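Residue numbers (this note's numbering), protein chains in the order written: chain P, 279 to 718; chain F, 279 to 718.
By construction, these hints were calculated from the structure, which means they are not laboratory data.
As the structure is a prediction and not an experimental result, all values here were calculated from the model.
There may be inaccurate statements among the hints.
One copy or two, it doesn't matter: identical chains are merged, so the pair holds either way.
Think about it this way: if two alpha-carbon atoms lie no more than 25 Å apart in a straight line, the pair counts; the simulated PhoX-like pairs of lysine-lysine are [to be verified]:
| no. | residue 1 | residue 2 |
| --- | --- | --- |
| 1 | Lys591 | Lys343 |
| 2 | Lys292 | Lys700 |
| 3 | Lys510 | Lys605 |
| 4 | Lys378 | Lys605 |
| 5 | Lys361 | Lys378 |
| 6 | Lys378 | Lys591 |
| 7 | Lys343 | Lys294 |
| 8 | Lys343 | Lys589 |
| 9 | Lys589 | Lys544 |
Protein chains: 2
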Amino acid sequence: MEPYQLTATQVLSKFKDGSLTIEDYARSLLLRIEKRDAAVQAWAYLNPEYVIRQAKQLDAVPLEKRGPLHGVAVAVKDVIYTKDMPTQHNSSIYEGDEPKLDAAAIITLRHAGALLLGKTTTTEFASTTAGPKTRNPHDAGRTPGGSSSGSAAAVGDFQVPIGLGTQTGGSTIRPGSFNGVYSFKPTWNSISREGLKIYSLILDTIGFFARSVEDLQLLSDVFALEDDLSPKDDFSIKGARFALLKTVVWPQAGPGTAAALEAGAKLLRDQGAEVDEIELPPEFDNIPEWHRIVLHSDGRPTFLPEYRIAKEKLSPFLADHVENSCKIPRAAQLEAFDGIAALRPKIDEIACRYAAILTPSVVDEAPVGTESTGSPAFNSMWTALHTPVVNIPGFSGDNGLPIGLSLVAPRYHDRQLLVVSKAVGKAFEAGGGWKRQVYS
Amino acid sequence: MEPYQLTATQVLSKFKDGSLTIEDYARSLLLRIEKRDAAVQAWAYLNPEYVIRQAKQLDAVPLEKRGPLHGVAVAVKDVIYTKDMPTQHNSSIYEGDEPKLDAAAIITLRHAGALLLGKTTTTEFASTTAGPKTRNPHDAGRTPGGSSSGSAAAVGDFQVPIGLGTQTGGSTIRPGSFNGVYSFKPTWNSISREGLKIYSLILDTIGFFARSVEDLQLLSDVFALEDDLSPKDDFSIKGARFALLKTVVWPQAGPGTAAALEAGAKLLRDQGAEVDEIELPPEFDNIPEWHRIVLHSDGRPTFLPEYRIAKEKLSPFLADHVENSCKIPRAAQLEAFDGIAALRPKIDEIACRYAAILTPSVVDEAPVGTESTGSPAFNSMWTALHTPVVNIPGFSGDNGLPIGLSLVAPRYHDRQLLVVSKAVGKAFEAGGGWKRQVYS
Chain P
279 MEPYQLTATQ VLSKFKDGSL TIEDYARSLL LRIEKRDAAV QAWAYLNPEY
329 VIRQAKQLDA VPLEKRGPLH GVAVAVKDVI YTKDMPTQHN SSIYEGDEPK
379 LDAAAIITLR HAGALLLGKT TTTEFASTTA GPKTRNPHDA GRTPGGSSSG
429 SAAAVGDFQV PIGLGTQTGG STIRPGSFNG VYSFKPTWNS ISREGLKIYS
479 LILDTIGFFA RSVEDLQLLS DVFALEDDLS PKDDFSIKGA RFALLKTVVW
529 PQAGPGTAAA LEAGAKLLRD QGAEVDEIEL PPEFDNIPEW HRIVLHSDGR
579 PTFLPEYRIA KEKLSPFLAD HVENSCKIPR AAQLEAFDGI AALRPKIDEI
629 ACRYAAILTP SVVDEAPVGT ESTGSPAFNS MWTALHTPVV NIPGFSGDNG
679 LPIGLSLVAP RYHDRQLLVV SKAVGKAFEA GGGWKRQVYS
Chain F
279 MEPYQLTATQ VLSKFKDGSL TIEDYARSLL LRIEKRDAAV QAWAYLNPEY
329 VIRQAKQLDA VPLEKRGPLH GVAVAVKDVI YTKDMPTQHN SSIYEGDEPK
379 LDAAAIITLR HAGALLLGKT TTTEFASTTA GPKTRNPHDA GRTPGGSSSG
429 SAAAVGDFQV PIGLGTQTGG STIRPGSFNG VYSFKPTWNS ISREGLKIYS
479 LILDTIGFFA RSVEDLQLLS DVFALEDDLS PKDDFSIKGA RFALLKTVVW
529 PQAGPGTAAA LEAGAKLLRD QGAEVDEIEL PPEFDNIPEW HRIVLHSDGR
579 PTFLPEYRIA KEKLSPFLAD HVENSCKIPR AAQLEAFDGI AALRPKIDEI
629 ACRYAAILTP SVVDEAPVGT ESTGSPAFNS MWTALHTPVV NIPGFSGDNG
679 LPIGLSLVAP RYHDRQLLVV SKAVGKAFEA GGGWKRQVYS
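Same shape as in the complex, but just chain P (with noise of 0.2 Å):
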């Protein structure tokens, strides 16, 4: 196996036996993005010589001295700040800007030691559905999904182990499920978003993508996401309760959705699990549209200043943000976050009663073109509540694209949802029908 292919938790081990230096492990990378860059375009910046550079000096620091992630190689989503790359946010407002500043994630991946390969491409401000110019890994003619569609096509193509996301809407989630990859959108602040371009900022998540849940276990022992209660790692879905739930955006699921959540609960309920089909309350339904009305007041101060310097360099859907051109008043607004908020609770008592909620990540697989970066329904709900999720990728579409399932958790349960994840994800990526290939 090229080390290009391995999961962060696999190459540490070669880092660790001395098996491979982090030089070679960076130029398998770089290979590797020179390969298929022409085919996935997942980088909005990388400096080949920066990244050798970190690599070399991560090479001289002694085994003693190195962090949880030393020499991992990570992808950051352009819209989080890093002080030796621009930030360029898929903006012409911020072509070729570099602010000098980490991010707080970023300060604390550098502290662990990880290698940050470059920059990966991200919709306008991570807020808007229109594609940037990566394509499907799986299918050049497909959108990766967005927005945080660099990173998750890289971790997807073998470019990198780790991709760093956000999510306000579906960003994390979704392109986990249309590139083939576990996704983890952890329970909302409980990392810090400091320096991370604001959409929401009740709703702005960051997320994390991987090949494996190993990975992103490793990164939140990184980011310090603890329970209340340390979960054992050895969680059997056999005789475990799980949650189906459809929601109310269900009419919205495509046949290769409907097929994945039929055969998930079934490959959970053939290894043991009891799966019940829940609904959830009434005011539930309410999320979709209250999602909506946050985002777009939300947008009216966030995009101010770019609405203010060059208007016409904003997108239309976010220049209508800051002229509230909904017209939706602050009493809607206030409604719509405190409804939110009010639900928030309810639903942590709903999902304690489970191992995990068992729910569409997607409407179906990634659609044709990269114009559009497909839709949130399935997500958006999870964002505002706040409850950590985890896409679990294993099944496909009718087009043999790969489509992923999520588990919810209460708040604060993120641990115990990435150990249920390890088993369901075990279980899923052998009796789902979809197989994770290296293209050439």
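Put chain F on the given structure of chain P with help from the hints.
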């Protein structure tokens, strides 16, 4: 009257009628600062050459191309990023740090033509109550309050007409009271907090200091603050109905605040207002403790990066947040977060029955010494509830130092609150007994 004594509104009219250049104005302010800086020490960074350079550039802009704040000097709290001045957070970790990034508020202010005078002192990360070097301009032996110490003191001492601050507990309203100026904490998230160092996402709010309500209205225009109904600027105290609220922390009020609250209510009644003393439902009594829990738990992810890279340079209070030394369980954190959220619509419903709620700004006049910036006891509730608050000066304590009172309105009634504040400010400044002085 010397130019440095002018409010923003006053100086703008002089720029417009050609009776004052921006450069002469800037030189007047710099002279004032030179004279008073040894006593007050409000500045974390001030470069006179940079100020004069800006002033000359601003003078060169023709009248018809000028923005609404053209030439008005603004002081910026040193937790807000400015790309041409260092941003150091009063932390040795960030000594000399100068990220090339303007906070959202700075972009908007520059676009409106503001002259950025310098960076003002703050407590460490605007997150502790240990005072910076700054002294109260009314008594050098006393604190100016915090955490927005420098901005409040500089405005109070006629070194600048407008100061930018922030509030997570009482960091804008309390120093407003201690320095005898108007201070304004708008509705949470009504102005973008992008580029402002995070303590708690759900609490941190940008705030302003000025010596007149007109200046706060000017800023509200610049930042596009809008209520559902734009209020007419002809509010009359006569016939209006105010609530007088002592809150659950009233036992902490000292004699100065007790007298000021009584005098304030009397002044309103004397002018023909109805002032009804109200009590909040008992669930509001939880807020002080809930605020503390949210602060400590939000500090956990917030200061993780600094803890990792330089724990020894972080105050023990903040290191304790990261270590969760108070052992706050996630369940308690969520109970506090959700509990406060549930009270927000309830306070709006109560507050909307009145022109404003009149309530203390501080426990008393500024305490002796600069070790502690004083207690935010009377402010934290409103920060947590997201309501707009204005500190109205006009009263004084046993030692002759200024004491203000807070006016509070429902969320997104900021413009209405400012209209009411203008009338109330006139009454309190005329009849409250404390007079603003220019110290030499």
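Alpha-carbon proximity between Lys343 and Lys589, which holds within one copy, between copies, both or neither at 25 Å: between (49 Å within a copy, 17 Å between copies)
Alpha-carbon proximity between Lys361 and Lys378, which holds within one copy, between copies, both or neither at 25 Å: This pair counts as both: shortest intra-copy Cα distance 4 Å, inter-copy 9 Å.
Copy assignment of Lys591 with Lys343, given that the CA separation must stay at most 25 Å: between (46 Å within a copy, 21 Å between copies)
Within, between, both or neither: Lys292, Lys700 at alpha-carbon 25 Å: within (22 Å within a copy, 69 Å between copies)
Intra/inter-copy verdict for Lys343 and Lys294 if alpha-carbon distance must be at most 25 Å: Close inside one copy (12 Å), not across copies (63 Å); limit 25 Å.
Intra- versus inter-copy proximity for Lys605 and Lys378 (alpha-carbon distance at most 25 Å): Neither: 38 Å inside a copy, 36 Å across copies.
Identical-chain pair category, Lys589 with Lys544, by Cα at 25 Å: Neither: 51 Å inside a copy, 50 Å across copies.
Within, between, both or neither: Lys378, Lys591 at alpha-carbon 25 Å: Cα proximity of Lys378 and Lys591: in one copy and across copies (23 Å, 21 Å).
Intra- versus inter-copy proximity for Lys605 and Lys510 (alpha-carbon distance at most 25 Å): Classified as between; 21 Å across copies, 50 Å inside a copy.
The structure does not agree with the numbered hints 4 and 9 stated previously, though it agrees with the rest.
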